[in-house]
Every structure is written in structure tokens, then in C-alpha cells.
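With mature numbering (1 follows the signal peptide of the UniProt record, and there is no 0) as the guide, the letters of the sequence shown map in order to residues -20 to -1, 1 to 95.
Simulated from the structure, these hints should not be mistaken for laboratory data.
Since the model is a prediction, treat every value here as computed from it, not as a measurement.
All C-beta atoms in this analysis are idealised placements derived from N, C-alpha and C, irrespective of residue type, glycine included.
Just so you know, not all the hints are guaranteed correct.
[As the list claims (entries may be wrong)] Just the calculated beta-carbon pair ranges, DEER-fashion: (1) Arg12 <-> Ala57: 26 to 32 Å; (2) Leu20 <-> Asn69: 49 to 55 Å; (3) Gln54 <-> Val(-3): 24 to 30 Å; (4) Asp71 <-> Leu(-19): 20 to 26 Å; (5) Gly58 <-> Val(-3): 52 to 58 Å; (6) Gln3 <-> Pro63: 24 to 30 Å; (7) Tyr(-17) <-> Thr61: 54 to 60 Å; (8) Thr(-18) <-> Pro63: 51 to 57 Å; (9) Leu20 <-> Ile(-16): 41 to 47 Å; (10) Pro62 <-> Phe(-7): 23 to 29 Å; (11) Leu(-6) <-> Thr67: 40 to 46 Å; (12) Asp71 <-> Gln3: 17 to 23 Å.
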Amino acid sequence: LLTYIIVLINILLFLRPVRPKTQCEQHRDSLRSRDGDVPLIGAFIPQCDEEGQYRPQQCHGSTGHCWCVDSRGQERAGTRTPPGAPTINCDEPSILCIKTNLFFFKWIFFFFFFL
């Protein structure tokens, strides 16, 4: 009976639908060499999380630079750090975003109260 259960579990796991590759996984896999899983020398290989999404912080293995990205893997302006710099928290809004929001808030406040 135990053998039957183990075989049944293995069959169910084998028949489980495979999720399609995400944009991050496709990007990462496209940069692998044709010889297998060895990445191309010097190429930036994006890091994907367990669900296949871009990790918020990306680092270039060859140069040591790190930066924050959005959900599409695009670099967020003003977040790139040089090698050896302290790690950045990509979950916090960038200073540029905070300054932009404050700028617009001041104008809205001005027009609302003084016009």
C-alpha cells in the first residue's frame, strides 16, 4: 500500500502543469551560453526570485555595481551604486521620487489655498 501511494504521488507530481517562464526567467535564460548553464563571460545576468519575478536589487557580477529595478526589470533612476558601496534598500522610495512628490504637493497646496 505504501509503495502504491508513493507511485501515485510521483505520478501526480510529474503530471502537474508547469508554469510558463516569466519575463525575468526568459531574460536570464537568453544570456546563457549554448554549452549549457554557463553564463556568457562579462554579461549581466538578471536575478529572479522564487516566483520568477525580477529581484528588486540587481547586481552585475563582473563590475560589482548594484541598482534597483521595477517589476519589468528596468533600472530605477538614481539607484546605481559602485562596487563596495553599502547595500541599498530597494523597497524604500528613492530620494528622487520623494522630491518629485513634495514638489507637486507644494504646488497643489499653493493653488488650493491661495487661489
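Problem set entry | Range hint compliance [Cβ, glutamine 3 to proline 63, 24 to 30 Å] | 27 Å, holds
Problem set entry | Assessment of proposed distance window 26 to 32 Å (beta carbons of arginine 12, alanine 57) | Cβ of arginine 12 to Cβ of alanine 57: about 29 Å, so the range 26 to 32 Å holds.
Problem set entry | Range hint 23 to 29 Å (beta carbons of proline 62 and phenylalanine -7) holds or violated | 47 Å, violated
For this session: Mind checking the hinted window 24 to 30 Å against the Cβ distance between glutamine 54 and valine -3?
Result: 27 Å, holds
Problem set entry | Range hint 41 to 47 Å (beta carbons of leucine 20 and isoleucine -16) holds or violated | With a Cβ separation near 45 Å, leucine 20 and isoleucine -16 satisfy 41 to 47 Å, so the hint holds.
Exercise. Okay, leucine -6 versus threonine 67 on CB: inside 40 to 46 Å?
Worked result: 42 Å, holds
Problem set entry | Verdict for tyrosine -17, threonine 61 (Cβ pair) under range 54 to 60 Å | Given range 54 to 60 Å: holds, Cβ gap about 56 Å.
For this session: Hint says 49 to 55 Å; check whether the CB-CB distance for leucine 20 and asparagine 69 agrees.
Result: 30 Å Cβ-Cβ, so the 49 to 55 Å window is violated.
Problem set entry | Verdict for aspartate 71, leucine -19 (Cβ pair) under range 20 to 26 Å | 46 Å, violated
Exercise. CB of threonine -18 to CB of proline 63, is that within 51 to 57 Å?
Worked result: 55 Å, holds
For this session: Could you tell me whether the CB distance from glycine 58 to valine -3 stays inside 52 to 58 Å?
Result: Given range 52 to 58 Å: violated, Cβ gap about 38 Å.
Exercise. Is the gap between the beta carbons of aspartate 71 and glutamine 3 within 17 to 23 Å?
Worked result: Distance hint for aspartate 71, glutamine 3 holds at roughly 20 Å.
Checked against the numbered hints above, the structure violates hints 2, 4, 5, 10; every other hint is satisfied.
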